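Residue numbers (this note's numbering), protein chains in the order written: chain A, 1 to 216; chain B, 1 to 320.
Quick caveat, the hints were computed from the structure, so don't treat them as lab data.
Computed from a prediction, not measured in an experiment: that's the story for all the values here.
Take the hints with a grain of salt, since some may be wrong.
Unchecked claim - Keeping only pairs whose Cα atoms sit at most 30 Å apart, straight-line, the calculated DSS-like set for lysine-lysine is:
no., chain 1, residue 1, chain 2, residue 2
1, A, Lys169, B, Lys318
2, B, Lys318, A, Lys99
3, B, Lys92, A, Lys169
4, B, Lys92, B, Lys285
5, A, Lys169, B, Lys246
6, A, Lys112, B, Lys97
7, B, Lys252, A, Lys169
8, A, Lys169, B, Lys285
9, A, Lys99, B, Lys60
10, A, Lys112, B, Lys92
11, A, Lys174, B, Lys92
12, B, Lys60, A, Lys169
13, A, Lys174, B, Lys285
14, B, Lys97, B, Lys170
15, A, Lys65, A, Lys3
16, B, Lys285, A, Lys112
17, B, Lys285, A, Lys99
To be verified - Covered stretches of chain B (chain A as the covering partner; in silico rule of three or more C-beta atoms under 8 Å from a C-beta of chain A):
no., segment
18, 181 to 195
19, 278 to 287
Quick reminder that beta carbons are idealized off the backbone N, C-alpha and C, glycines included.
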Amino acid sequence: MRKVLRSKWIKLPVFLLCLGPVSELAWRALHHDLTANPIEFITHLTGDWTLRFVVITLAVTPARKLLHWPELIRFRRMLGLFAFFYGLLHFSTWIGVDKFFAWTEMLHDVRKRPFITAGFTGFVLMIPLALTSTAGWIRRLGGKRWLALHRLVYVTAAAGVVHYYWLVKSDVRKPLFYGALVALLFALRVGFWLASRRSRPAGGAIPSGITTAETA
Amino acid sequence: MLIKRAVEIRSSEVTPQWLYVNRRQFLTGALGVTAGALVGRALKDVVWPAQRVQAESTLKVAQKSPFSTNEQVTPFNDVTHYNNFYEFGVEKEAPAKNAQRLRTSPWKVKVGGLVEKTRTFSLEELQQLAPLEERIYRHRCVEAWSIVVPWIGYSFNTLLKEVMPKPEAKFVAFESYYDLGQMPLGRYAGIPLPYVEGLRLDEAMHPLALLCFGMYGQTLPNQDGAPVRMVLPWKYGFKSIKSLVKIELVKKEPPTTWNLANRDEYGFYSNVNPNVDHPRWTQAKERRLGDFFRRPTLMFNGYADQVASLYSGMDLRKYF
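Bound-form chain B, shown alone:
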């Protein structure tokens, strides 16, 4: 006859008497510790806010550039924790916090439109088109603050020559990456996305126009437009489109995001110009991050010698 025996309970599974007797206090205590830990963590975030810059990989620079300014470079931490990237939130600190979820590898950039050789480049292929230079540029935001950044890249015209624009191509249209899954705050940006930008072909051919892969000796941090962006130092910052995925050569002036959002305030050209105010604030002065006083803004952000000829004969009040 089979007699079933109760499953033996191992002594290790028996709740110790002291814990059983004090089980209520134990639960309260556990709750208290959890609550304490949560409050502590919240406090810690307030007292020591996390510096969220992921470890970047170094980017070898083959040469320095004669285009570099010798002005003092803005600290890396300021450049990475105070900027606009509306896909990741509209506050200045938001991109540093929220851009970390952007996946930048693998990355492809499609170059097409009115070109002889339509081609999709991988990031690695793009980086190898020309030796990388370090260029220390002034960067002036339309909101009247400015920074000096050691960017890494090469002149955008290298890429244009590679794909060979057709004679009827007159403008270049750019498009940023946009994915609500990785950029959930994009829906509150208040501007149409994906972000699009554009240049006249002769502006894009100008050697100052930089196709940029890095800064401060490293690959671009996500919040600054990783893994590849444009840098156009004589134009307001918003023209320098980030996280590029598409470049198209076109016949007509392409739409640009801030112009679509508010065409009275943001023109297609958006050259830095101290004499033409933004309708709501003056552009005559700017605050360099780290400075106490504002400094006068320079025509074409100080690059007039190089680029003014692109706009000779144009009424810059009309084509602002």
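Bound conformation, chain A alone:
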């Protein structure tokens, strides 16, 4: 398995797999199968996948450590950028299709509707992360600062869960499920951090992600 993860061909199938949801949209659009309310369907599908990709991206480091598969780091940037990609689709659907560039109406919504405020916050916080995802930016910022900045992804994840929770009318099982996942992943990170502090009491802890951060 680790050999597969190390191979240089593996990234292409993972990339194609990540395009699955948007291909489903295209397929359904071509077959007039976007339900009776296509705009809502597109909004929900892209929103679901944004949150899923955020969770998958957050799961990379815990999975690396628990499975002893350090190679998984090779996919983290791609997965994170896909989270941003689906977030962008979700956000553009809202701006361009649902509200049709009615800026005042949207500003009003961002200020007045808590679920939109939360979703908007989560999306906006992803922008600096996407921009600084290149090797050049990691170098320019320096490992520690880059890592600190990219911890914002936890805020995005939390905002995404809250956005979903405040949106549903009555059945909160799905938002709670995502909330539990994010909480678990966060707890794991705190656990790793505590463990590394105990094992290295004297020297400063080496930031875990950056040493192997994708540069290829």
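For chain A, the structure is supplied; the task is to place chain B on it using the hints.
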């Protein structure tokens, strides 16, 4: 002396030699075919999702109604495959899939409480109380989408006059059918069930309030509230209770399901009102299914001329 002979094996029961020799391949092949069939079926469901509307029986309409709008009617397939009926799941496509197991015959509706003549009607008796009319109404969901539906039924006040409310009756309480056996997803609805609704007596007496048995020239499909429901076009859709089994005339304002679930968001009246937002989203606009752009929502869903007088002098922000 009796000599037992082995039971003769008929030649038809003998496994042919080719099959015996290749029995392993045969088993693998059979497994492969089964797996292939399963995958194929799953794929088919993805590519051609089943259109699950059972064959409805036609419903004779005696007359058209002056209450009908001449707006374009929403396609039958949209109305039957995009709606809320939480007893059958909370997704919009869920009722079409899951409501087919609802048994709608025989069906009885109990009418009682503060009335002179308590009575349990069979569906057939109810249908024969008055000539059936077709009424094309706008229908506005609290979630800011809307449809135009040709309903079939008669004014609910016909039934009220039949059972004769007592003078002390001030409200009408409605209750939906609920059976976990036929509605197993009801336990995840997140709202208290059975579904209950209510109207002030004068609202219930209003001729626009429809006791409905069908739509699009047919009896109601299960997912749209078969076999009998209410339709209240000037109120948000959730007030129009589906699959009715009980009607009671009462003295005090009865509890209503969405109000019980969240009283800050769903009031007893729930009249369509573009000026009073849902706490979490605007009610100023709506998307008519099939339209690309949202359109402005009208006061009382466009029925202000008929019903506004019922609420004169009331603060509609308070009594939302």
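Please list, smallest to largest, the hint numbers that this structure does not respect. Result: hints 6, 9, 12, 14 break, sorted rising.
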